[in-house]
Each structure stands twice: as C-alpha cells, then as structure tokens.
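**Q** Based on these hints, arrange chain Z on the given structure of chain P.
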Amino acid sequence: MADEELSRLEHQLGRLLRLGVVVSGACLAVGLVLHFAGLNAGEVVMRAGLILLMAIPVTRIAASFVDAVRRADRLLAFATAFVLIVMALTIVYSWELRR
Amino acid sequence: MLPVVSSLFAGVVAGGLGALLGIGGGAFLVPFLNLVVGLDFKVASAVSLVTVIATSSVTSASAGRLSLVNLKLGMVLEIFTTSGGLLGLVVFSRSDDPTLKHVFAAVMAVVAFVMLRNLRRTNVIHDTGDIDVGILGGRYLDPHVEHPVAYRVKRLPVAFGVSLLAGVVSMLGVGGGVLKVPALNAWCGVPMKTAAATSALMIGATAVVGSISYYMQGRVVPTYTAAAVLGVLAGSRVGFAIAARTKAKGLKILMAAVLATVAVIYVTQ
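Residue numbers (my numbering), protein chains in the order written: chain P, 2 to 100; chain Z, 14 to 282.
Chain P with its partners taken away, still in its complex shape (with noise of 0.2 Å):
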C-alpha cells in the first residue's frame, strides 16, 4: 500500500532532479560560453541556471508535500511542511542581513 505509492513518489522525483540538472546545467554552460565570448548575457543566464539549480530541491519537498497531504500521510506532511517554512525564514533572514 503506502509502500508501492512512496517508491512511485520516488521515481517522480528522480525525474525531477534528472531534468533539473539537466536544464540548469545547460544554462550555466552556454552562461559561461558567453562570458567568455565578451557577452553581457552570460552572467545573465548563469545566474538564471543558479537559481533554477536551487529552486530544484525546493521543488521536491513542495512536491513531497503535496503528496503527503494527498495520502494522509501526516509524518511526511509535517516534516516537508516545516522544511519550506525554514527555506521561507531563511530568505526573510537573508534579506535582513543585506540592508
């Protein structure tokens, strides 16, 4: 039962991270090209693939979330629940600590 839906959540975040990486690395690959060919845009779509490459593993715990809600399951609910709350407070911190 609840065995064989987690390991299916398992391969959905498998793909997930897969084409995460796959996307941000591209970015940050041609990103790097064209700093180097002299072009203003590269530190642009660098930076674009920086935050795409962060925004993966948020990704996977909303979903998680999502997920857990949807099954009742209340363990993995909280738990991710609480993890995006951290990442909220963290920015709210950051944020702070720049001004």
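No false leads were mixed into what you were given.
Stretch by stretch, here's where chain Z covers chain P in the computed footprint (C-beta under 8 Å, at least three residues): (1) 32-39; (2) 58-69; (3) 74-86; (4) 89-99.
Keep in mind the hints are simulated off the structure, nothing from the lab. Glycine included, every Cβ here is placed at the ideal spot set by N, Cα and C.
**A** Leaving out everything else, chain Z in the frame of chain P:
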C-alpha cells in the same frame, strides 16, 4: 580565465569523490577553491555549497540509487538539517575567516576519526518478509548479497542531533553528509549504502538554505560557481562508474583518508 578552469577541474574531482563516498565533495572543494584557486574562504564555501545541490540531485536521482534512499527518514531528518543550516547562517555571519577554518578542520578531523573506528557495520538483517522495521526502517536489495535485507533505525535522538549539527556545519560549504553518513551508519543502525543515498538526497535541501542566503549576500560568484557545478556534474558520472564496483569498506577507508588530509591542511596552515 585560469581560476575558472581551476574551479571546473576542482569540481570534477569533488563530483567524483561525492559520487564515490556519498558525501558532497565539499570537503575537497572548499579547501581547493580557497587554497589553490585563491578565493576568499567565504566565497569558496558559498560556491561549494551551490555545487552540493548539483551533487545531491545527480547522486540521488541516478538509477538504482533512489531505491536505496529511505525517503521518510530523509525527510524527517531534513527538519533538523535545514534548521541547523539557518542556525549556522546566523552564527557564522558573525565569525571571521580563521574561526571558520578551524571549525572546518575540527569537523573533518572528528569525522575521519569516527570513520576509522567503525569499519564493519553493515547493519542488515536477513529479510524473511515478516520483520517489523518500524516507521523509519526499511528493506532493499543489495547486489552484493544474495537475499533481500532489512534494517531498523535505532537511537533516533542521536540522528536528530547529528543532523542539526550537520546542518550548522554545512554552511561552511559541505553538504553535511560527512557527519550524517558515519553517524547514521555507526550509531543508528542504517546500512552504509542507505545512509549515503539518503544523506545525498538530504544535502540538497540543506545546501539550498545556505545557497539562497549566500546568493542574496552576493557570495555566489556566477563564473566560478558555474564552472564548479559543471565540473561536479561531469565528475559524479565518473565516480558512479567506479562506485558500482566498490564495496562499503573500501569506500569508508577512502573517505577517512580524504577527511584527514583536509583537516591537516587547515590545522597546519
């Protein structure tokens, strides 16, 4: 251009180590970027931390590896690793470079010591199908063992504490797998390969906490980071090819040697 190429090369080695050992490779990348490429320690740790996300995603997404991940255990422990990460950001934002380096060296030394003391914990039970593994335990198929195996998770508070500590430490540029993997294996009953695979998934979430913060603080220099990430992606492919033919014991000895070397470098600096 040379520092960027060096970052790429460092990433390749770090990615290879990460895939081989189940640790982020940050233990190698931070000192390399700092000492060899000459980046500021704070920039080096930020760049390294971003590569940890790549290592995590690639390592845990590879075929066969995901089945070794204990998703439940990982997500519960992520509560502690990410909280520790935020705590680490707050604490380290007030520390100077020498302090950070000494903490870095101390962590590496402790882990190397722990690794060398516990070499034979496979922690598995012959799975006859009717074994109760508890809420967080698990079972899997090991290609090196003929029968299915199962394990129970013991001393959960230890796992929580170590995860919190790993989260704090990871803000220095490592994933924190260097602490979690040996602790989960030696004290909490988790088989080495499961500990490594689960940790590999967790470090992505932990590293994101620090990466977002460092990115917002302007410490994630795009050129070096892009090069290092691409290197890590290439290196982890190589690491996997070798890892498929290596047993847990060899991995552990190699891991301890890497950590001890890093510690010695920073202490003697």
